[in-house]
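Enquirer: Protein chains in written order, with my numbering: chain A, 1273 to 1382; chain B, 125 to 293.
Please note: incorrect hints may appear among the correct ones.
Unchecked claim - Negatives, chain B to chain A, calculated, CB over 12 Å:
1. 131
2. 182
3. 191
4. 200
5. 213
To be verified - Distance condition first, Cα-Cα at most 25 Å in a straight line; then the derived BS3-like pairs of lysine-lysine:
6. B:241 x A:1343
7. B:167 x A:1343
8. B:290 x B:167
9. B:290 x B:241
10. B:166 x A:1343
11. A:1343 x B:195
Just so you know, the hints here were simulated from the structure itself, not pulled from any lab data.
Backbone N, C-alpha and C fix where the C-beta goes; we use that ideal spot for every residue, glycine too.
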Amino acid sequence: MLKRLIDWLDERIKVRDLGRTFADRPIPGGSSWFYVLGASLIFIFSLQMATGIFLAMYYAPTPDHAYASVKFIQEVAPFGSFVRGLHHWGASFMMVLVALHMIRVFTFGS
Amino acid sequence: MSDQTESRRNFMVRAIIGIGAFIGAAIAVPLAGFGILPVLRKKEPDWSDAGTLADLAVNEPQERRFFQTVKTGWQEEKVERTVWLVKKPGGNVRAFSPNCPHLGCGYRWFSQDKQFKCPCHASFFDIDGKVIAGPAPRSLDTIDTKVEDGKVLVKFEVFQVGTTKKAIA
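Start from the sequences, fold in the hints, and give me the full structure.
Expert: Next up, the structure:
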């Protein structure tokens, strides 16, 4: 069933080759866990974008209603506290990952 | 040996895709719910205070003006509303929506004739809201009431006009 879906996609946009390019790329000197930080950054940034877009659906950027809108997101909107939490902690995690990634790039000279 | 390495690799690939799918679902489902669920929810209006019970005499309808807090998302608005309150001999209070079910005009109680009369197209209703004369397609719409601490509370709603069945607008 899943194989049929992947076959269908593969015929049109070559997803298997795409996967192979990302996952089976040979890395000179061998792969390492340190190289995970770049892809993690891509993931966490995409998450920030997605949660940010959904938060923007309810947030009111005016001095009068900003607090009321955030209170609504936090307390009333379904999964509001979860989405806001992901966005809040995602931001901090992203800063940590950025620092670690830059240290990795610098120390590995690549 | 090579057969073993192949299946271990495949297992890892499938495990990673599986975990990725799980993480994707754990993020996508709450996000979708966050965006869509509020639209699907039916919001019940809150009770509004329509004045004291003591000022009502039995079978003498009174028009009461009050403010209803209407909540749209995070915004709260105070909207001015009216209801006609009738105290029945049993002690119950009935509330009628102030709009004529024909086309929505504001009707009035005429105590000499003991009828509600609508000025627009001359629909007449008795004290129970039943149509006596005129083009109104149904009787006056009732609004839920309850009495608490000597105050009459109403759950105000706006109804459709022109239909034979009472329906919320």
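Enquirer: Which of the listed hints are broken here?
Expert: As far as the earlier hints go, 4, 6 are violated by this structure, in ascending order.
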